[in-house]
Amino acid sequence: MRYLTAENVSKSYGSTVALSPINLSLSQGELVTLLGPSGCGKTTLLRIVAGFNAPTTGRVLLGGRDVTPLPAAKRQMGMVFQAYSLFPNLSAEDNVRFGLKVRGLSGAESEKRLKTLFALIGLEEARKRYPHQLSGGQQQRVALARALAIEPQVLLLDEPLSALDAQVRLNLRDEIRRVQQETGTTTLFVTHDQEEALAISDRVVVMEKGKVAQLGTPEEIYRRPATPFVAEFVGTANGLDAVAQEGGVIAVAGWSAPVQVEAARTFAVGERLRLYLRPEELRLRSSPADGHLSGTVTDKRFLGSVTRLSVRVGETQLVADLQGNEAAAYPVGEAVWVGLSPLAAHVLRATA
Amino acid sequence: MESPSDVQVTAETVSPLIASSEGLIPGSGLTQQAEGRRAARRERLGDLLRTALFVGPLLIVLLVFLVIPALAVVIGAFRAEGVAGAAGGFTLEHLRALGQPQYLTGLKNSVLLSGSTALLGTLIGGLLAYAVLGEGGPAWLRNPLIAFSGVAANFAGVPLALAFVATLGTTGMVTRLLSGVGINLYQHGFSLFTFSGLVVVYTYFQVPLMVILIAPALDGLRREWREAAENLGASAAQFWRMVGLPILAPALLASLVLLFGNAFSAYATAYALTSGALPLLPLQIGAVLSGNVISDPHLGQALALLVMVVMTVTMLVYSGLERLGSRWRR
Amino acid sequence: MRASLLSRTGRGAWIVLLALYFFVPLVALGIYSLWAGGTRYDLSAYAQILQDPKFHETFRLSAVLAAETILISLALVIPAAFWVNLRAPGLRNVLGLLSVLSFVVPPIVLVGGLTSLFRGPEWFVGTPQFLVAGYVVLSLPYTYRTLDTGLRALDLQTLSEAAQSLGAGWNTLLWRVILPNISSAVLGAALLTFAIVLGEFTFANVLLFNTFAVYINYIGQTQGTPAAALSLISLGITWLAMLGLLRFGRGRVALGGAR
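Protein chains in written order, with the numbering used here: chain A, 1 to 352; chain B, 353 to 682; chain C, 683 to 941.
To be clear, the hints were calculated from the coordinates, so they are not data collected in a lab.
The reader is advised that the hints may include incorrect statements.
What the hints assert, rightly or not - Lysine to aspartate or glutamate pairs mimicking DMTMM-like chemistry, simulated, CA-CA at most 25 Å apart:
no.	chain 1	residue 1	chain 2	residue 2
1	A	LYS128	B	GLU576
2	A	LYS101	B	GLU445
3	A	LYS112	A	GLU124
Unchecked claim - Per the computed footprint, the stretches of chain B lying under chain A, defined by three or more beta-carbons under 8 Å from a beta-carbon of chain A, are:
no.	segment
4	479-488
5	567-580
What the hints assert, rightly or not - Below, a sample of chain B positions facing chain C; criterion: calculated Cβ distance under 10 Å:
no.	residue
6	LEU414
7	VAL426
8	GLY428
9	PRO511
10	ALA624
11	ILE637
Quick reminder that beta carbons are idealized off the backbone N, C-alpha and C, glycines included.
Can you make the complete structure from the sequences, with help from the hints?
What follows is the structure, encoded as C-alpha cells:
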C-alpha cells in the first residue's frame, strides 16, 4: 500500500540543514498535506519528490521503483505552483494540452481528455481565453487541469491557494479535494494554513524546522497533538504550565486548586507539563458548580460563527468559544465558572 | 528671503484655499459661486503660465534646434533652387538624384550593414545574455556583464575604430598573430577598411546594446514556467520552442529593429575607419554637407530625408512590437 | 538535475569566446599605444601627447563644450521634468514624442538641418558654441530619462505641498527641496552628457570644428601610436564617467554617444 515513499530523505545546503532525514509513505489515492510555517522544509521536500532538487541523502520511491535518479521531466508527476505558472503565450486549453503535446499525444484522444478536464474544473466556456484574461482562481483551476491532463501518478501542489482571495480560497480548496477524490490521484499538498490542511487531508504531516513534528489524521493532530508546537500551530489552544501530582491530578500555575485530567495519569509526580484546552471544550456556567473554577469575563469578540470570550481564571487568561447566543449570558466584567472536561483536556510534557 | 515674485506665486497657490474658505463665509449662494468660478479661472491661468515657464524653454529649444531643422530637411529635399537665390517651387529632382548609382549603393550598403549587424547583435547578444543572466548562469558575472554592456554600448566612434585597427588592421596584433600561424587575413580578401571589417566593428557595440535591451525580458521569464514545463515532461528544447521563445519573441524582434536603427544612423565609426571612402548613406550625407565631393545642400537634404524615412519606419515597427509584447505582461 | 539548452561547458566556452572578442581589441589598443617603433615599447607616445599644444587645446574645447552643454541641459530639463511630474503629466507624451524624434533624426541628419537653417549670425554659427545647440538636443533623451527617473522616485506632490505649507515659493522649492533630492540623478545626467560630448564626432567633423574626437581621428590618419594613446585616454575617461553613472544612477544603464 506504500505507493509514494520518501525514504530517509534529507537536504542540506553546506552547513545549513533544510530537511532532517524524513520517512514518509503515501497510499494510493491518498491526499497528504505537509503543514508548517515558512522555513519548515515542506516545500523543500515537495521539490525533492518532484525532482527539482536532489536530496542530500535518501531516495524517492514511486510504486516501489526508485525515481531519485530520474529528472523531473521523466517522473510523470503533475505539479501545481503557487502562482503564475500558466504559460502566458498559450490559451487555457493549449496550456492544458501542453503535457499531451510533449508526449506526442494529439487528435481525438487528447480532445477527449481536454473535454473531461474542463468539465471537471467547470471552465468549459473559458477554454480559449488567455491567462491574463482569467482570474486568479480560474488560473489555478486551469493549472490543476494541466497537471491532471498527463494522468500523473502523483499530484503535487505547492501552496496553490496562498495567492488567492479568502472566498476563492475556500471554494477552490473544496474543488481540489473533489477533483482529487474523483480521479483517485495520490496527492501531496503543501500549505501553511492549518485550516486548509484539516479541511481536505486524509493525513497531515506537521513539520517544524526541517523535521516531522507529527503525522496523523486531521482529528488526531487536532485533538491529540504530540508536541507543544503542534498543539499551538494547529488551531487555537489555551496553553498553561502545570506540574503533575498523584493519579492524574495536576497543579496548574496560577490556579488556586489542582484539577483532574485523565491524560495526566501517565506522568510521574513532579514532572513539568503543558496543559492544552481547546476554546470550544471549555464549559461556562453563570453560577458556582462542582469542579468548576471561578473566573471573570474580561473581553468578548464576535467572530461570526462563534463568540470568543476572554476569561481570567486565577492568574491565567483563558479563551473560550461559545456558539450563537450562549455568550449573551456572560457579560463582560461578570463572574463566571469554568469547567473543563477531564477527558478532553490534553497534556504534554513541557519542552524546555 | 523670498522675492516679490515668490510671494505672488505663493498667493496664487493659496487661492484655492481662499476660494473654499470664501464658501464657508455665510453669504448669498450666488456670489459664492461666482467667486469660486473666478478663483478657479485665476488658478487655471496661473497654472498655464507656470507650465509655460517651467516647460516652455525646453520645448522652445527643442522646437528651434530639433523640430524645425528636421522640417527644414524634409522641406529642403523638395525645394527647387530659384533663380538668383530666390526661393523656388517644389521639385522631385533631388529625390530623383537619389536614384544615382552611388546613392543606391550607399542605401544598399547601409541596409546590409545595419541588417547584418543587427542580426549578429541579436543572436550573439541574446545568447550571451541567456548564458549569463539566464538560469544556471554564473551569478557572479551578472552585474559585471550589465556594467560592461552599459559602457561598451557607448564605446564607438574613433576610439573603437582605432582599437580595431590595432587588432585587425594590416599590422594589427591579431593579424600578425594569425599570419604567424599561417593564416593571412588580408590575402584572403578580408580588410578592416571594407564592408566586412565594418561588420566586425559594428558588432562590438551592437552586442552589448542587445544584452541591455533583452535583460529585462529575460528577467521576466518566470522560473515557474520553466519548472512547470519540465514537470509536464518537456525537454529544454521543447520548452524554448513552445514557451520560452514565443514569449521572448516580441522583445527579441523589437531589439533587433532598434539595433538596425542604431547601426543605420551611425557615422563616426564608419568615418574613422574608412575616412568616408565606403559608400554608406551617413558618410555620403557627411560628404555632401562638408562640401567635399559636391556642394548641393538639397541633395544632402534628400539623402537625410531618406535616412529619416528609414528611421521612422524602424521606430514604428519597434513600438508596434513593444505593444505586442506587453500584451502578456500582467 | 535541470536539463539546460546550453550545457555548462558550452556556456563557459561561449562566454570565454565573447570575452576574448571584447577584450582583445582593448589590449591591442593598449599595446599599440606603447609601441615606439621597431621593438621598443615605452610611454613616449603619452609624453608626446601631453606636450602637444593641440591636445590641450582640443581637450579643453571639448571639456568647455561639455560643461556648457551640461549647464544648459540641466537648466532646461530639470524644471520641465519637475513640472511634468508634478502638474502636467499630459506633457509626458509630448516629451516622449520628442525623444522619439531625436532617434528618428540622428546626428548626421540633424547637422544637415542645422546648417541649412542657421547661416548666421557669425558669432554663433562660426564658433564651436554652435555645437552646443546640437549637443543639447543630442543628449536630451538621456538627460531627460535620467532626471525623470530620479524625480519619479520622489513623492513630488507631498514634498511640494509640505514645502509650500511651510511658506516656500517655487524657487525655494526647486533649489532647496527638489534639487538636493535628485542630486544623484543630476550627477548621473552630467556624467552621461560629459561622456557623450567628449566622444562626439559627427557634428564636429561635418562642421569642421576641432574637438577632441576630431583631433584623435586626425592624428590617427598619420601617427598610429599617439592616436592609440589618445583613444585609450578618451576611453578611460568615458568609462570612468559611465561607471560613475552606474554608481550614482543606481544601476540605471543609459545609452548615448557617438556612433
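Quick rundown of the hints versus the structure:
1. Distance check on the hinted pair: LYS128(A) and GLU576(B) sit about 22 Å apart at the alpha-carbon level, within 25 Å; holds.
2. For a cut-off of 25 Å, the pair hint linking LYS101(A) to GLU445(B) is broken: about 60 Å separates their Cα positions.
3. Between the alpha carbons of LYS112(A) and GLU124(A) the distance comes to roughly 13 Å, so the proposed pair stays at or under 25 Å and holds.
4. With 0 residues having a Cβ less than 8 Å from any Cβ of chain A, the segment 479-488 of chain B misses the three-residue criterion, and the hint is violated.
5. Closer than 8 Å: that is the beta-carbon criterion, and the segment 567-580 of chain B has 5 residues meeting it against chain A, so the requirement of 3 holds.
6. Because the closest C-beta pair between LEU414(B) and chain C is about 5 Å apart, less than 10 Å, the hint holds.
7. Interface restraint check for VAL426(B): the shortest CB-CB distance to chain C comes to about 9 Å, inside 10 Å, so the restraint holds.
8. Annotation: GLY428(B) was flagged as interfacial toward chain C, and the flag holds, the nearest CB pair being 6 Å apart, inside 10 Å.
9. The beta carbon of PRO511(B) comes within 4 Å of a beta carbon in chain C, closer than 10 Å, and the hint placing it at the interface holds.
10. With its C-beta approaching chain C no nearer than about 5 Å, ALA624(B) sits inside the 10 Å limit, and its interface hint holds.
11. Residue-level restraint check for ILE637(B) holds (minimum Cβ-Cβ distance to chain C is 5 Å; threshold 10 Å).
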